[in-house]
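J.: Chains U and H, in that order, give the protein sequences.
So that you can map any letter, position 59 of the first sequence is 59 in the numbering used here, and since no number is skipped, the others follow by simple counting.
So that you can map any letter, position 36 of the second sequence is 36 in the numbering used here, and since no number is skipped, the others follow by simple counting.
Worth double-checking, as some hints may not be accurate.
[To be verified] If we take Cβ atoms under 10 angstroms as the criterion, some of the chain H residues that face chain U in the derived model are: (1) 57; (2) 67; (3) 70; (4) 94; (5) 100; (6) 106; (7) 107; (8) 146; (9) 148.
Read the hints as simulated data drawn from the structure, not as lab findings.
Beta carbons: idealized from backbone N, C-alpha and C, even for Gly.
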Amino acid sequence: MKAKVHVTLKNGVLDPQGKAVQHALAGLGFEGVEDVRQGKFIELELSETDPAKAEAQAEEMCKKLLANTVIENYAVEIIEG
Amino acid sequence: MKSAVIVFPGSNCDRDAKVALEDVTGGEVVMQWHGDADMPDVDLIVVPGGFSYGDYLRCGAIAGNSPVMREVKKRADAGTPVIGICNGFQVLTEVGLLPGILMRNANLKFVCKDVHLSVETESSVFTGKYKKGQVIRIPVAHHDGNYFADENTMKALNDDDRIAFRYVSADGKRGNGANPNGSMDDIAGILNEKRNVLGMMPHPERLVDSALGGTDGRPMFEGLLAAVS
């Protein structure tokens, strides 16, 4: 079973890398990019077969290691099969 | 006085810390490998600078979960003085020994230069040999030193006199580009509630010998020596 984890910066936390990407996009002529927030995407291959348990496991991993909840939010998506 | 310096794969200021400690304290310095939680009794633990685990995931995140750090946390809770310098500061925030987090520098650049710090408190074993308001010159070398904490944490740090050092100009003034990384409230170093854990981005261990350009880091280790003797 696969777990897809998105780690993103919380609202209100300044994201200098996102800002730099936004400026670079504007420099390339892409107009109307009002904001850019950069985050991480982590894919986990889990041996767990119960989706609810797999989700709980992945959430625990986010809290303990994958995200720093001082500044980051996380979202877990379980892909069955 | 006996000290331990924690060594992770990717630490690169561990030997500087050892040399500085041996020079100032004259005591034994144990190099403690990160995978070995069996640490001798020591009077001081230094979590040194560097790029532990290549800064993978987040600076200090993987190191924070190593076996030795669980032991360091126990010792800190029991009152042993712990200093985290640069990457060591990042590790201590990841372990939860210090609040907040060190984010990417606001200008996105690696900054490597001498900065000036004002000593914000004398009341700790780390800063007791300095004078409050004293301006010292210490080098920084980091990419992620932009201290961030929520409003409540910032209030607690200020109210409880837990800000150890702030970035200032040579004449002791805040602002005007004195802050090299955009850290909140110009924070360069903070203490935990019990005041036995210090995290700081600048490198005091690099300035304990006048042959290396200055001795402004020396009083920190002299203060620790006096405190444990």
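J.: Indicate, hint by hint, whether the structure satisfies it.
T.: Cross-check of the supplied hints:
1. At a threshold of 10 angstroms, the smallest CB-CB gap from residue 57 of chain H to chain U is about 7 angstroms, leaving the interface hint in force.
2. At about 15 angstroms, the closest approach between the beta carbon of residue 67 of chain H and any beta carbon in chain U exceeds 10 angstroms, and the interface hint on this residue is violated.
3. Here the hint on residue 70 of chain H is broken, as its CB sits about 13 angstroms from the closest CB of chain U, past 10 angstroms.
4. Look at residue 94 of chain H: its Cβ gets to within about 7 angstroms of chain U, closer than 10 angstroms, so that hint holds up.
5. Look at residue 100 of chain H: its Cβ gets to within about 6 angstroms of chain U, closer than 10 angstroms, so that hint holds up.
6. For the restraint placing residue 106 of chain H at the interface with chain U, the shortest Cβ-Cβ distance is roughly 6 angstroms, inside the 10 angstroms limit, so the hint holds.
7. Annotation: residue 107 of chain H was flagged as interfacial toward chain U, and the flag holds, the nearest CB pair being 7 angstroms apart, inside 10 angstroms.
8. Here the hint on residue 146 of chain H is kept, as its CB sits about 8 angstroms from the closest CB of chain U, short of 10 angstroms.
9. Checking residue 148 of chain H against chain U by beta carbon gives a least distance of about 6 angstroms; that is within 10 angstroms, so the hint holds.
The structure is inconsistent with the numbered hints 2 and 3, although it conforms to all the rest.
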